[in-house]
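**Q** Starting from the known structure of chain A, fit chain B onto it as the hints suggest.
Number of protein chains: 2
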Amino acid sequence: MSLERMIKNMAGDAKRASRAMRSLESGQKDDALLKMAERLLSAREIISAENQKDLKAARDAGLSAAMLDRLTLSEPVIGAMADGLREVAALPDPVGAVPGMWKRPNGLLVGRVRIPLGVIGFIFESRPNVTVDAAALCIKSGNAVILKGGSEAIHSNMVLGRLLAEALQEVGIPEKAVQVIPTTEREAVNALISMEDEIDVIIPRGGEGLIRFVTRNSRIPVLKHYKGVCHIYVDQSASLDMAKDICFNAKVQRPGVCNALETLLVHEDIAARFLPQMGKQFQRAGVEIRGCPKTLTLIPDAVTATESDWPAEFLDLVLAVKVVGSMDEALDHIEAYGSQHTEAIITNDYDRSQRFLAQVDSSVVLVNASTRFNDGNQLGLGAEIGINTSKLHAFGPMGLEELTTTKFVVYGQGQTRK
Amino acid sequence: MSLERMIKNMAGDAKRASRAMRSLESGQKDDALLKMAERLLSAREIISAENQKDLKAARDAGLSAAMLDRLTLSEPVIGAMADGLREVAALPDPVGAVPGMWKRPNGLLVGRVRIPLGVIGFIFESRPNVTVDAAALCIKSGNAVILKGGSEAIHSNMVLGRLLAEALQEVGIPEKAVQVIPTTEREAVNALISMEDEIDVIIPRGGEGLIRFVTRNSRIPVLKHYKGVCHIYVDQSASLDMAKDICFNAKVQRPGVCNALETLLVHEDIAARFLPQMGKQFQRAGVEIRGCPKTLTLIPDAVTATESDWPAEFLDLVLAVKVVGSMDEALDHIEAYGSQHTEAIITNDYDRSQRFLAQVDSSVVLVNASTRFNDGNQLGLGAEIGINTSKLHAFGPMGLEELTTTKFVVYGQGQTRK
Numbered sequence: 215m216s217l218e219r220m221i222k223n224m225a226g227d228a229k230r231a232s233r234a235m236r237s238l239e240s241g242q243k244d245d246a247l248l249k250m251a252e253r254l255l256s257a258r259e260i261i262s263a264e265n266q267k268d269l270k271a272a273r274d275a276g277l278s279a280a281m282l283d284r285l286t287l288s289e290p291v292i293g294a295m296a297d298g299l300r301e302v303a304a305l306p307d308p309v310g311a312v313p314g315m316w317k318r319p320n321g322l323l324v325g326r327v328r329i330p331l332g333v334i335g336f337i338f339e340s341r342p343n344v345t346v347d348a349a350a351l352c353i354k355s356g357n358a359v360i361l362k363g364g365s366e367a368i369h370s371n372m373v374l375g376r377l378l379a380e381a382l383q384e385v386g387i388p389e390k391a392v393q394v395i396p397t398t399e400r401e402a403v404n405a406l407i408s409m410e411d412e413i414d415v416i417i418p419r420g421g422e423g424l425i426r427f428v429t430r431n432s433r434i435p436v437l438k439h440y441k442g443v444c445h446i447y448v449d450q451s452a453s454l455d456m457a458k459d460i461c462f463n464a465k466v467q468r469p470g471v472c473n474a475l476e477t478l479l480v481h482e483d484i485a486a487r488f489l490p491q492m493g494k495q496f497q498r499a500g501v502e503i504r505g506c507p508k509t510l511t512l513i514p515d516a517v518t519a520t521e522s523d524w525p526a527e528f529l530d531l532v533l534a535v536k537v538v539g540s541m542d543e544a545l546d547h548i549e550a551y552g553s554q555h556t557e558a559i560i561t562n563d564y565d566r567s568q569r570f571l572a573q574v575d576s577s578v579v580l581v582n583a584s585t586r587f588n589d590g591n592q593l594g595l596g597a598e599i600g601i602n603t604s605k606l607h608a609f610g611p612m613g614l615e616e617l618t619t620t621k622f623v624v625y626g627q628g629q630t631r632k
Numbered sequence: 215m216s217l218e219r220m221i222k223n224m225a226g227d228a229k230r231a232s233r234a235m236r237s238l239e240s241g242q243k244d245d246a247l248l249k250m251a252e253r254l255l256s257a258r259e260i261i262s263a264e265n266q267k268d269l270k271a272a273r274d275a276g277l278s279a280a281m282l283d284r285l286t287l288s289e290p291v292i293g294a295m296a297d298g299l300r301e302v303a304a305l306p307d308p309v310g311a312v313p314g315m316w317k318r319p320n321g322l323l324v325g326r327v328r329i330p331l332g333v334i335g336f337i338f339e340s341r342p343n344v345t346v347d348a349a350a351l352c353i354k355s356g357n358a359v360i361l362k363g364g365s366e367a368i369h370s371n372m373v374l375g376r377l378l379a380e381a382l383q384e385v386g387i388p389e390k391a392v393q394v395i396p397t398t399e400r401e402a403v404n405a406l407i408s409m410e411d412e413i414d415v416i417i418p419r420g421g422e423g424l425i426r427f428v429t430r431n432s433r434i435p436v437l438k439h440y441k442g443v444c445h446i447y448v449d450q451s452a453s454l455d456m457a458k459d460i461c462f463n464a465k466v467q468r469p470g471v472c473n474a475l476e477t478l479l480v481h482e483d484i485a486a487r488f489l490p491q492m493g494k495q496f497q498r499a500g501v502e503i504r505g506c507p508k509t510l511t512l513i514p515d516a517v518t519a520t521e522s523d524w525p526a527e528f529l530d531l532v533l534a535v536k537v538v539g540s541m542d543e544a545l546d547h548i549e550a551y552g553s554q555h556t557e558a559i560i561t562n563d564y565d566r567s568q569r570f571l572a573q574v575d576s577s578v579v580l581v582n583a584s585t586r587f588n589d590g591n592q593l594g595l596g597a598e599i600g601i602n603t604s605k606l607h608a609f610g611p612m613g614l615e616e617l618t619t620t621k622f623v624v625y626g627q628g629q630t631r632k
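Heads up: the protein sequence lines correspond to chains A and B, in order.
Heads up: the first sequence at position 242 corresponds to 456 in the numbering used here, and the numbers run straight through without jumps.
Heads up: the second sequence at position 70 corresponds to 284 in the numbering used here, and the numbers run straight through without jumps.
Isolated chain A, as found in the complex (with noise of 0.2 Å):
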């Protein structure tokens, strides 16, 4: 059987899988999730196992301690899953509720009811827990979902979609709604991306080439950010307590995440009175400077900025520097550079606060606090499947309810157009 034709048959049964989903009662959802996290737990050996062949292989392939270290499913990393899949069983059923019901003049009812997207197509690079994490949301939503992990992870994502298939099955839910696609072949991601009949989204979590790749191939509408350049403008009214707290927070506390801070933007009036000490403490934490020439007279070892630097996203202990001569120039800043992903500003001014909000085109907009708040869990929607920086359907962190959409229903008595 060709690729492109096992990708179809496993397209098709997800969407009967899907169909099956649309009606299924929350506590049975609830109760497959329950399984699963059983499951995994008293599978930790055979997941071992299977660990143990794409842990080989990786080492023969000489990949680097830090990559072996993120495909190792150690026992805390199993019992972690299985916290995770009774965490999302607690989370209230998104599908269901009615965001809004109205009578129209000639009597007609018209209700918003909310119903799960259908299909998902979920496509990653990272660590092989994210089948597990990805499913639960995926099920818990009502929807049917296809995974395409990393070619490096194949094994272990094969025994946790196994694993989940056989939960579903022992509650009565069709086990094709968690498929893993069982090849480490490149074109399966051309072929996934292809079926639009079958597959309602795509969901790329990954590299910035992985993204533009699916972005630019895929029939079906994709939900995904390309990168983080996440700002912070520390404004001349700001408490400069707080703003070294934040900022410091923003760019160290977990410096390889897209909500992590890339570019710090200061207002001239308070650079001599802020950019020392907190050049000294980020430098102290192993933070590279990369300074605009005023920075440089502030903060003794940074280096000079170059025009790569702006749109830059670090992903690491470097971070870009430039103090500006107003609010208006740090916008401009932002729009030029930005990738609509994640900025604050510091400020104790009440206008500048409030026009920050306002004008910049940000998914998350924070005054006093720090970036890495742009974040599902911790911005209260219970958990997250990924971010979206692209307008459509969910700007900004997705969580249960950015996995459904909404149809109408309308209740009649006859009427018919006039």
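Any given hint might turn out to be false.
One copy or two, it doesn't matter: identical chains are merged, so the pair holds either way.
What the hints assert, rightly or not - When the alpha-carbon atoms are kept at most 16 Å apart in a straight line, the in silico EDC-like pairs for lysine to aspartate or glutamate are as follows:
(1) K441 to E410
(2) K441 to D411
(3) K229 to D546
Bear in mind the hints are in silico, worked out from the structure with no lab data behind them.
**A** Just chain B now, with coordinates in the frame of chain A:
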């Protein structure tokens, strides 16, 4: 200047205009719409002169009388465009609404705020008055728009675009917020749908060929429906008088539109009482019936339906009719052949009405009402820029709110991530 360079410049201008439009007051946008209405009325002769150029070319090219009629900007059509602008001005502004705001345990106040999408690329084949209708909705929702109309209406579209832009300038809104692409070259569509850095969404309206082309080739998210293969299922418990009124209205009132009835499904228990009379009523109105074998025994002049009739969007006085043994058979038929656009059940059975509403996966599902109600105005959205049958962003008719998205705003007091 190359075509691609010209479109790139237009897209850049639109993006800059959209930045200014983010923070417009409602009153300023409404002023612009009212000034547009005035300008159209006072420029009737100029509009008519440009329209005559298109009409002459169309006559020379041998276009049908129906096509010429659709192309004509008569005094009543110009009056209707002005009325449409005033109606959109009177609608509530969707921008700035806060659909939700909540406090997190750490004290962060998190809210969702409704914002414009940004820049909309609108590609259409229909009458030139659509230029005005679409621009009005985009401006009211705070978006910039680039319009690419049909080549046969180029002079009409361009003069309308110019008048709208002049009205924007008059009230201090960047005139580049409304731009009509000044060429009939088909390649302009390819260029437009590749401007992913400037344009946020593409909305195509026209034939299925155009829409499939745009969806396959766009790098920008697309909101669209291919076709409307709308079904009515007449249940064994239906009031047959009500069923006749609704089916007749859905098929005959305006057969050339996407929410018109295309396939009628009838429960076998009432087929013998319903179809002979219904068939006569349809045939008196000139409707050709293409039926299943059972239908043929009940409607004498019906012709045999072929497999290609079931997924067909006739857009004409043609109707496919099938007798089914159960509602489940009707649901299976809709699942197999429907277009997820609009489906209705005629019934007096409570349980089946609820089951039909829950299980049919279409953007609008109705009980005891005509499919013709799938329309933004009719459902109470105030206006409509189109209907979307992909699940993403907005499933069903799209009004002003569907031309916006939400971003997260976060009010902190110095919070950092633990």
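**Q** Hints first: check each against the structure and report whether it holds.
**A** Quick rundown of the hints versus the structure:
no.	hint	in the structure
1	K441 to E410	between (26 Å within a copy, 15 Å between copies)
2	K441 to D411	between (29 Å within a copy, 14 Å between copies)
3	K229 to D546	between (46 Å within a copy, 13 Å between copies)
Hint violations for this structure: none, all hints satisfied.
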